[in-house]
Each structure stands twice: as C-alpha cells, then as structure tokens.
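A.B. asks: Residue-level listing of the chains:
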Amino acid sequence: MADKYMELVNTGLTKKLATMLGLPRPPRLRRYSPDAALLPGPVLILGASAKAQELSDTLVSWGLDVRRHDAGEAKLGGLVLLLDELERPTDLSPLMLAAGQALRKLLPGGRVVAFSRPAGDDDEPQLSAVRQGIDGVVRSMGREMRGGATANGIVLEAGTTVASPSALAALRFFFSGRSAYVDGQFLTVRTNDGVLPADFAKPLAGKVAVVTGAARGIGAAIAKTLSRDGAQVVVVDMPAAGEALAKVANSIGATTLQLDVTAEDAAQQIMDHAIGRHGSLDLVIHNAGITRDKLLANMDAGRWDSVIAVNIASQLRMNEAFLAAKLPGLRIVSLASTSGIAGNRGQTNYAASKGGVIGMVHASAKLFAENGGSIAAVAPGFIETEMTAKIPLGTRTVARMVLPSLMQGGLPVDVAEAISFLGSDAAAGLNGQVLRVCGQSLVGA
Amino acid sequence: MSQPSVRNAVIIGGNRIPFARSNTAYVNASNQDMFTAALEGLVARYGLQGQRIGAVSGGAVLKHSKNFNLIREAVLGSSLDHATPAYDVQMACATGMEAIGSLANKIKLGQLESAIGGGVDTTSDAPIAVSDSLRAILMELSRARTTKAKLGALAKIRPGHLAPAAPGTGEPRTGLSMGDHQAITTKKWGITREAQDELALASHKNLAAAYDRGFFNDLITPFNGLAKDNNLRADSSMEKLAKLKPAFGKNLGEEATMTAGNSTPLTDGASTVLLGSEEYAQANDLPMLANFVDFEAAAVDFVHGGEGLLMAPAYATARMLKRNNLTLQDFDFYEIHEAFAGTVLSTLKAWEDEEFCREKLGLEAPLGAIDRSKLNVNGSSLAAGHPFAATGGRIIASTAKMLHEKGSGRALISVCAAGGQGVVAILEARN
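Those protein sequences? They're chains A and B, same order as listed.
Residue numbers for the first sequence follow the numbering used here, so the first one is 1 and each next one is one higher.
Residue numbers for the second sequence follow the numbering used here, so the first one is 1 and each next one is one higher.
Don't take every hint at face value.
As the list claims (entries may be wrong) - Here chain B is said to cover these stretches of chain A; the calculated rule only asks that three of the stretch's residues, wherever they fall, bring their Cβ under 8 angstroms from a Cβ of chain B:
# : stretch
1 : 238-248
2 : 253-267
3 : 272-279
FYI, nobody ran anything at the bench for these hints, they're computed from the structure.
Note that the Cβ used here is the ideal one computed from N, Cα and C, for glycine as well.
Just chain B, with the same shape it has in the complex (with noise of 0.2 angstroms):
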C-alpha cells in the first residue's frame, strides 16, 4: 500500500454569532441554539444548503450531559443534508484549535473534501450538576429493588445534598481560578498594570476599528437581536482602565496587576469555519482565503513542574516552529489569545527569555521579540469575549480573512487552554 500523499487543506471562510457577555443577549440560548445559528450562516454565506458536507466537528466546554452529541444535532437542525457525519471535541478553550486543526489534516490526507470545524460555549446556560453525594445516593436508589430499599437511600438524603454544583474556571487540581493562576505568572515575569492595560486598549481600538471598515461583514452573521461584540468599549481609555481594582491576585495585594478590564469575561457564543481542499473550493467556485499549513499541542506541568498554567503555547510554537524551519519573526500576523492580557505579555517576554528558551525550550538563542504592529491588529478576545471553545474559530476565520486580504505571508495563531495545555498553528496565504 502507498501512503496517502498530502495535499492542502484550505480556509475557506467563516462564520460566527456576536459575542455576548454572560447573562445578556444570549442568556436564553442554549450551546445547540448558538452552534446552530453560527452554523446557518456559514451555509448562507457559501451556498451549503443541501450539501453533504464530509464532516462537522468541534464542541463545547461546558456541557449539559443530554449534549453528547452538540454537534451532530446542530447539523440536525440545519440547512445541510443531514447526512453530513458530525462529532464533538473537547480540549477546553483549545476545543476549536483542535477540532480545526485535526479536520485539516484529513482533507491534507485526502480523507475529506470538506469540513466545518468550530466551537461554543455559554455561561448563562451552565449544567448544574447535583453534589456527589446526592448524586451517589440517587445513584444507590436506581439501584434499589425494594421498596424497604428504596426508601432507605431516600432517608439518607439530608438539605445540605440539595445544594447545585455550578461548573467553574477552576483547576481541579489545585482549586486555584484560572485568573488566580495566571496572576502568578504574571508576577513571575513582571508584566505591569500599564502594559496589561495597554494590551487592552489595544485590542478594543482595533476590534472598533475592524467593524469600521466592515472587516466583519463576512465573518459574522446577527443573532438574537445582537449584531456586535457586546464586550467591545470602542470608548475605553487607560484612565477608565486604570480605575478597574484588581479582580485576580488578590492576595498579592499591591502587587495585583489584574483587573476585569485586562482579563476576558464570561461570555457566550458560537464560532465555525469553512475547510476544504483546493479541487472542492475550485468546483465549488468558493474562495480560498489562506492554507492551514500546520498545529501543535503543548502541555505543562503546573500542578508540581512550576510553570504557569496558560504558558504551554510558548512551549508548542517552539516545536512547531523548528519542524517548519521557521523563526519567530517569519511571520506576517500574530494572533495570540488573550486569556488575560498578563498570558499574551507574558509568552512574548518568555519568548525573549534567553534563561527560559535554553532551559526549558531547550533552544541554543532566545525566539526573540516580535513586531508588536503585527499583534492583534483586528482585536482579540479581551474586547470581543471568550466564549471558550469558540475562540478557536473566530482567530482562525478572522486570520485567514487578513491574509486574503495581506496577500502574502503567514500568520502564527496561539490560543492557551485549561489544564495546563495549548495549541498553536501556521496559516499561510495563498499566491
């Protein structure tokens, strides 16, 4: 048998809803509503109704249980023939990353033709789950043949049982938030309160500017009422932000440089994105926006290894940067998740480390600095939210769409995740 020849796996465009914050716009729907909707305006936008697609995939991190097939129901209830094979991925707020990335290496391996990856996520519709141990009990009363059985695993229940189990952004293992965590690596590498704020302007200024020019026309499709980001504060100044009090850190008193102004909010919505090969974009008279050249996964110890839990993608762009020969500064765009504004100013400097790069990258030089004009130039996640694993889809969308634009270069895209993981990935544009 021959191996499979590789081939290019292409972006084709994107689709998502507005991101809402938590308890707004979107407080009524539900993760299948919002992949739903995401989802029908990509067939809207590229003609998909009854297509057969080759498959759908991407997830959602926080998940009712009945949801164990989230996406499969979403291409139910949409316009595409329902005979288009559909399955959910998780890797928390890498969930899209990875149901992208893993969907283009398919149609690279001729597997697939076509393919829709993304993600959702919503806050204000949680699975509330029973504590344990009513959940043990109840367990106990399936169980119970008898009636003298029955009611002896009801009388075990007492008020406390009742109270719910809210999901939350907290490490199970060292029952630390995530903001709490990354304030500790912001501390470790003396990212200040100015440059977290400053990242954020940033990054509203240029959100509000990208809607300006109608860059989102084709990116993003109205839902529930809501046309915009309704996180974006076109009007934000750092005197505004420099009034924010510290909301993660706490305990560093002075020290706490984290505000809710330079760390995303809870938010809610969907994001998808359109891949195929080049022969089904040409048949198909679809644009091709920009290759999707290559991903990498990295995960660290920050449980007892004493590396920061949302530092893996520093870890990851090295790997992947060495297997493509490429440097750092290659690289036309940057697309760096902001998680919180510390994780974004926190993997630059590392990568300027040269003690961090030998030592734990295990590189002879430092990956250096970067042309801090190519980051985030349409805004990212701390102006439009971070509806966890619909992050993924909206940079890959957006990015590729700047490429097209560009047309030239390459992006780097970067995106941390819960437990200490992250995935990067090469977009690349097409000549």
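For reference, chain A alone in the conformation it holds in the complex (with noise of 0.2 angstroms):
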C-alpha cells in the first residue's frame, strides 16, 4: 500500500497534480546494496577539527570525491560538518551558513553528518550551549531535508576523535544506505575500541549470530541481513513458528533452534547450539518481542505479565547467563521501541518492557565490555511488518506518513541494517547506545 501512494505522487500526471494539492510526496529511500556507492556524489567537509586530515584521507581510501571547505558548483552526495572545536554559540555562523548553501546542491539519498561534543553539567556555559545548539541543528536539518536526505549526528566523548574507529564506522553507516530510515539521530562514540572491517560488504564474516524471534518481520530480516553481512546465523523462534523458521534458515544457511526464549534454560540452550554446531557465540539478537495492547484501566495480568516475561524478564536472564558464562566478545543488539521512549496508548505494558529494555542496555554496557564485548539496542519507529499492515488504513497512512520527517513507515530492513552495524566489531566503541530508526518520527525525543 505505502508502495503504492509512493508511486502515484513520484510519477507522472499523478506527480504534478500531488504537488498541486499540496500533497505529502514521501521519497524513495536510497537502501543498501553491496555494489552500490557509498554515497551518490561528492563528500563535502566543512569545518576544523584536530584529526580532519586522517578523516579525509579515509574517506579518499573508500572511494569517495572528497572536497575541503568548498565543492564549487558540485552537486554533492555527502556534507559533514566538524563541529566539535566550536566554542560558543556565536561560532555557529560561518558553518551553518555555508552547509545552507552546500545543501542546495545535495542530491537525493544526500547525507549531513554533523561531528560535535557532549554537552556537559560541568561544562563552561557557553561551551555547553553551542553542544546543546548543535543537537538541535541537527534534528532540524533532519527535518528540512528533501529526496530521502538524512542528517544525523556522531557526537565525540573525551578521548575520541573524528577518526576514532567507532567514529568512522558510524560516519560511514550514516552515509551507506543502511541507515536509509534513520534521520534526526546521534550515535555517541565512547572509546576508542573498535575495530574496521577488512571487507566492508563482510563486516560480520566469521561470526556466529544468534536471532531471537526470527521466523517472520522483523526478525527475519535481521537474520537475513546478518547473513548477508558475513554472519552465520542461528535462528530462534517459538517451536509453533517453526515452519516459518525453517523457511527462514533455509534460505540463508542458517540452522533452527525451536525454544521458547522465556525458558529457565533458554541461554544455556542458545550457547550449547551455537557453540555446539558453529564453534562459538559472537552476536545474540534479542529480538523476540510480543504485544498485547490494553488501555490500563482495562489491563488484566495474563497481557501485562506476558509481555514483560517475553520482552524484558527473558533478555534480562538471559544475559545473565552469558555474562556468568564469560563470552569473550560477545555483542548484544536488542529491540526497543520508540513507544518505550515516548509512550503509546494502550501500550503501558509494552511501554514497561520497551524502556525497560533501553535502562538494561545502559546499565549492561560497563558488564558486557568487561569481557570485551558490548551492548546496544535499536528502537524502531513505524515498521511495515505483517503486524502493522492490521492496523486500518487511513490509522496507517497518518502514521507512516504524516509524523515522520522521511513520510513513510520503515522495512524490517532498516531496523536489521542497524542492529547488523551495532553488532559489528566497527561499533564497539559505541557501547550502550540505544539508535532509533524512525525516519525521524514526531513522537519520541
């Protein structure tokens, strides 16, 4: 359906009478392929920072025309901007300026990467207020973008730089097509772990990647996408979903562990098969996830309970058990949701596990990396899965359309694409991250 209206008002008469009335015209997206080009034109750099020169000399290695300070009459393909030497608000002025100027000439599928600091409480303030500014800088140009353009922000801690690992990896995420439904956001850099891969379109090669609720949406995708990125994949859904399962296994080479992941014994079974069969456990997708909605005055303890046993209780024993089992490596990449950051009627027990879901992430970070592993979680805003195609139409159309700044619901695909790049080795250095693909929903911080 979403395919559909997208045809329409892109096309033809149907284009031009669309732009008549003033109708939403949501663009296609510009998603990930292995062969295709990182970027559709040229990169622009604007601004200073200590380690530009390093940053510019990656970008050259991966193939991209890449222009300091001025791109002339180029259409552009990529703008980043070096915002994290600015000291006061008032520094603003000449960049911003310029990246107005440089975004006339971006193209379709254009990426802006803002870099920039935390703001901090101990911060002098008027360094504070320029980092907070940048925030909003960023969300706004998200908003202001055309033709399936994003803008996004890496935000560098103490001790890290534009080169850092981490810092490229999240640069070059943000510029790829895998991050087509991520608009508006900020992955922060921590540490200087992390490591690149040698292939770029193999980022998980020799990894063992286990995905938990795996036989349809969007757990499916995920496992599909892993796999594509290198991964060996176990796949893990309820035994009543095991035919889907099997679909699903077969057609990426996978093998299929029936478990129910609210089971005592549910980790001890994951790492008995992954190691068992593919000789280790690199990589588990919490995935698995139910809803079952409810105003709360009319919440009743089977829906509530059920939901946080499978969303949150299950995620919560089960990396107890990895971490007791020492896991040397070992990444987690779970699912939140944007209802766990904004809320969402009917969905308090959902909300609960969701949320809960982004407090275990952060509180799990420091325990995960102890071992040399990390923790991360993606929340997916509007995804067209096989769930969502239940909710009414004209419901749909406003939800898909209407709130997000990219005018159209998600695919399982892009919600799988970043769960693949936090689960990398590339991402370590953004340990504890919560990244929301929504397309830059309205609701949500």
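With the hints as a guide, bring the two chains together.
C.D. replies: Put into structure tokens, the structure is as follows:
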C-alpha cells in the first residue's frame, strides 16, 4: 500500500497533481546493496577538527570524491560538518550558513553528518550552550531534508576523535544506504575501541550470530541481513513458529533452534547450540517480542505479565547467563521501541518492557565490556510488517507519512541494518548505544 | 580383496511434522508435500543446505503411481544439493524401519558417510484407482488400432465399472481388516479391554508430558499450521475410554475389546532421520545421539500358519537378541509401536509365555517380562497417530534422543507391519 501511494505521487501526471494539491510526497529511500556506491556524489567537509586530515584520507580510501571547504558548483552526495571544536553559539554562524548553501546542491539520498562533543553539566555555559545547540541544529536539518536525504550526528566523548574507529564506522553507516530510515539521530563514540572490517561488504565475517523471534517480520530481516554481512546465523523462535523459521533458515544457510526464550535454560540452549554446532557465540539479537495492547484501565495480569516476561525479563535472564559464561567479545543488540521512549496509548505494558530494554542496555554496557563485548539497542518507529498491516488504512497512512520526516514507514530491513552495524566489531566504541530507526518520527525525543 | 571393515552408524537427529488425523489439517497436502516439509525442517535444524547427502531413502504405503520417485522428487524440492541420490522403499508399516536400517548398514560398510531415512503417508490423499475390469477395458482401448476396435472396447464399459477402487487396510489374502486380524490375536492372548485402555491412556499421558517438557522442540517442525499431533488427547481418562464401543472383532460380541480409543486412527504425516558415520558427524560439528546397532525383519504365516498378523516382531526380536548376546531385560527403553494396544500386549505376553517361546521361537526359556515403566515412555502411536511409513522415523529419532538424554543404555524398537511382517532394531547410547 505504501508503495502504491509512493508510486502515484512520484510519477507522471499524478505527481503533478499531488504537487499542486500539496499532498505529502514520500521520497524513495536510498537503501543499501553491497555493490551500490557509498554516497550518490562527492562529499564536502566543512569546519575544522584535530584529525580532519586523517578523516579525509579515510574517506578517500573508501573511494569517495572528497572536497574540503568548497565544492564549487558540484552536486553533493554528502556533507560532513566538523563542529566538535566550536566554543560558543556565535561560532556556529559561518559554518551553518555555508552548510545551508551546500544543502542546495545535495542530491536525493544525500547525507549530512555532524561531528560534535557532548554538552556537559560541568562545562563552561558557553561551551555547553553551543554543544547542546548542535543537537537542535541536526534534528532541525533532518526535518528540512528532501528526496530521502538525512541528517544525523556523531557525538565524540572525551578522548575520541573524528578518526576513532567507531567514529569512522558510524560515519560510514550514516553515509551508506544502511541508515536509510535513520534521520535526526545521534551516535555517541565513547571509546577508541573498535576495529574496522577488512571487507566492508562482510563486516560480520567469521561471526556466529543468534537471532530470536526470527521466523518472520523484523526478526527474519535481521537474520537475512546478518547472513548477508557474513555471519553464520542461528535462528530461534517458538516451536509453534517452526515452519516459517525453517524457511528463513534454509534461505540463508542458518540452523534452527526451536525455543521459547522465556524458558529458564534458554541462554544455555543458545550457547550449547551456537558453540556446539558453529564453534562460538559472538552476537545475540534479542528480537523476540510480543504486544498485548490494552488501555491500562482495562489491563489484566495475563496481558501485562506475558509482555514483561517475553520482552524484557527473558533478556535480562539470558544476559546474566551470557555474562556468567564470560564469552569473549560477545555483542548483544536488543530491540527497544519508540513506544518505550515516547509512550503509546494502549501500550503501558509494552512501553514498560521496551523502556526496560533501554535501561538494561545502559546499565549492562560496562558488564559486557569487561569481556571485550558490548550491548546496544535499536528503537524502531513505524515499521511496515505483517503486524502493522493490520492497522486500519487511514491510521496507517497517517502514522507512516505525516509523523516522520521521511514521510513513510520503515521496512524491517532498515531495523536490521542498524542492528547489524551495532553488532559489528567496528561499533565497539559505541557500547551502550540506543539508536532510533524511525524516519525521524515526531513522537519521542 | 579385503572385506570392508564395519564401523558405527550414528543417529544424528530427526525431524517430523506433527501427525494429523486423516482428513484434518493435512487434507490438501500430498505425500510429496509432507515428506518435503519434514526434510526441509531437518535441513534447517542441522544446517544441511546445499549439502550432498550420501542417500535419502524412504517411502509411502499408500502411493500414487505418479509418485514412483517420491523421495527423489522431495529431494529435488528441498534445499539439499540436488545431486543427492534418493530412492523409494516400501515394507508396509515397517517402511521407515527398513529404509533407516539399510542406510545404517551402508554407513557401517563405509559406502555412505551421511544418509537420511524416513517415510510418509496420507490417507487424506490416497490413490484411488479404477476397478480392475475397467482397467482391462481401458488397456484394450489403448491397444486398439482401428476406430472399430476402439468403439468395440468402449462399448464394453458398464456403469458398474465406474465405481472407484480405494485402498483399504484389509489383507488381500484374508479380506480381513488389520483390526479384525488383531482382534483374533488379542482374544487368543486373553488381553482385557481394561489393559488395552490403560495402555492407550498411558500413551496419551506420556506424549502430553513429553510435549510439556519441550521434548519435541528439536524433533518436530510444524506444518500447515499444525504444531502438535492432533490425535493427542491429554485429558483422556479410563472413564472416557471405557465408553467407546468396540470397533474391531465385532463378531466376538461381548468379548470384543478393541475400540477407536485403543486402536490407532488413520493418520497423515512424515518423518525423517539423519544418520552418519562418526567422522561425518565430527567433521560437521553435528551431535551423535545414539548408535544404530542392529535390526532384524521377520514374517509369519498368518494366512495358514495360525500366527497372528502382527506377531512377527516377537520372532524378529528373539533372533536379534540371540545374535547380539542380549536378553530381553538388557534394555533401558522399549519402543513397541502401538498399532493397537492389543498388539503391544499380545507381544509382551507371548514373550512371557513358555510354550510360545519354546514352540514358536525355539527357545529353551521364555524371553520373560519387561519393566513396564520403560515402555513407550514418551507416548507412542495410540496418542501420536500412525501414518504408516512415517512411524519408524518417529520412533527412531525420539528413541535416539531419549538415549542421549539418559547418557547410557540401550533401546529395543519394534514395529509390526501388514503382510504378517515386522522389523525390530537396537539402538545404543554413546558414552
């Protein structure tokens, strides 16, 4: 359905009509394929940063056409704003006005990425003001982007630079089609950990990854994406979902593990299978989740307890077992939800579980880092799945088009791309991250 | 030339689809659909995508003639390497046992490194043939060269010829159904209605408990929306079973004891078992659940010889035990296929019977009683159902897992079959 509307407003006579009527015209998003160019055109770097040259050299090594300070009349595929050395809000003016001129030349599917430093309570007020101001700048630019272009930010914590491995990895993620539905968001580089992959087309080569809830929807897309990125995948779902699970497995050379994630020994079964059959366990994607929506006034124990049990209690229990097993370098990526950030009517139980995932990720980052691992979460917004296809057409159209900057729902693969990135070794310096994949939906922070 | 050395054949795992009572969940599924589904679940569980397996062997009892290459066709529709050889086997209800046992032998001889055996059956999509008389006329028609001859052949067709001939479970030589045959045996061995109902109840309770503890999580992959055997009645009781009217041996009147509750229903389903050499399992990081030690077939003359139709496993077991220097009590699990409760109980009683063991089995002493707590501990065909050729694969995979869970011991498997035949096997845990 989304495709039909998008087709109409983007082609021929109906495009003219839609433009005349001022109808929202959701753009075609530039999605990832291993052989597509990283950016649709040259990239312009504006501003100054200690390691700017190293950054520039890296972009050149990625095959990009890099321009510093001025790109002349060339159309641009990307724009990098180095804002991390600004000291006061009045410093923003020349850079932002130059950025504005560059935006006029940004191609459809283009990317803006701003580097900045976190605003801290102990900073000089001038410094904190400019840094917090950049947050507003990037989010506003996201709202102004057209043609499927996006604006995102990379926040560099103390000790990290624009050339830190995870900063480069985050920049590449934002540039590529992998971040098609990520807009107005920030990734924070905490440490200089992280190793860029030898082959950017296979960032998970040699890894064994487990995906729960993999029989359909977002879970199936995650399994396929991890496999495409080089991982040996184990797909997990409830025994009753085994038929669909087997189809997913057979399409990507994965093995199936029929398992209820709320089982006491779920983590042990996952470890036994992954290590016994594939030699290691490197990545676990806690994707299994359910909704049992009801207004709180009408909520019953069955609905509340089952959502908590599946969506958060099982993850906490499994993580404890994984930590106890001290698996070296184990990375975890969980599914949160914008409902857990912004709340959603009828979803108090779901929001409790998904907000819980975010709290779990923040509090578990240090624990997983002790064994060289990491944990992160992805919070999807409106994603087109079998589940959302059941929402009435009118509500669905509004939800997918009016709310997000990108004027459409995301696809399961958009969530999967973010998960694959956050689960890669290159993202080690982003430990504890929660990334929204929501097309910059109005709801939430 | 030196003799090939004999090595272990290992059961790696299995997969089946849930069994469905005839004309229920799988009413629109063919044998090929079901066997392919079972095979695909096995491929997914063990990561066999694109692998060339040494051989896939199995079959169906009720088979359309167009399915002459049923198993090969299923392989071609699967995610296995299509260069995997496959062939059909048929030995009535012992089809799966024979297919898997023969594959195990080939592995032992070093002819195969890996193999998949199993079976499938549907009574919802059974082949219906034209009557023999109509078939004769149609054959004559196809041979006719001239219009006159063709018309002559066609003119012989009468309305009565058009009645379709559906396959039944009747024995061609006696005209009796399998149930009516068993009813004779059941009466001969004096098996009571109560004992049969108790066995049926235990089957349902044991199968339900096995599901509850997740025993089948790595043995079954759902199909067509069905996730559990739909013949299972977890809430069955002696009272409910006692209310059922006799279904077989009705000519026995008051003495008829066999009901729909203590007999297996017609069932649709498919099963597969993955076997390999130890080297194959190790090289592919696959589990080794149990060794397939030995198997033995027997047949009895139920037509003139006075033996019950389904008693062959009693004979096969005696021979297999002797060959392996084992007694009947040397087992930790007994998996005796419950074609009918009466079949299991008659077999057990025969093994305890001095005269039978001496006269029929040629033994000096009876094989003796078994510890009934070791019998069909996770349920059997009375609860799960019995899609003829698929039963052997169901039992072998489940039994191998039971031995693996226990970590030691050995299991006796017994499956009776139409035509007065039966196949028994020994599995052994790997220590």
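A.B. asks: If a hint holds in the structure, say so; if it doesn't, say that too.
C.D. replies: Hints, verified against the model:
Using a Cβ-Cβ cut-off of 8 angstroms, 8 residues of the stretch 238-248 of chain A lie near chain B, which meets the minimum of three, so the contact claim holds. Requiring three or more residues with a Cβ within less than 8 angstroms of a Cβ of chain B, the coverage given for the stretch 253-267 of chain A holds, as 9 such residues are present. Evaluation of the coverage hint for the stretch 272-279 of chain A: fulfilled, as 4 residues show C-beta separations to chain B shorter than 8 angstroms, against a requirement of three.
Of the numbered hints given earlier, the model fails none.
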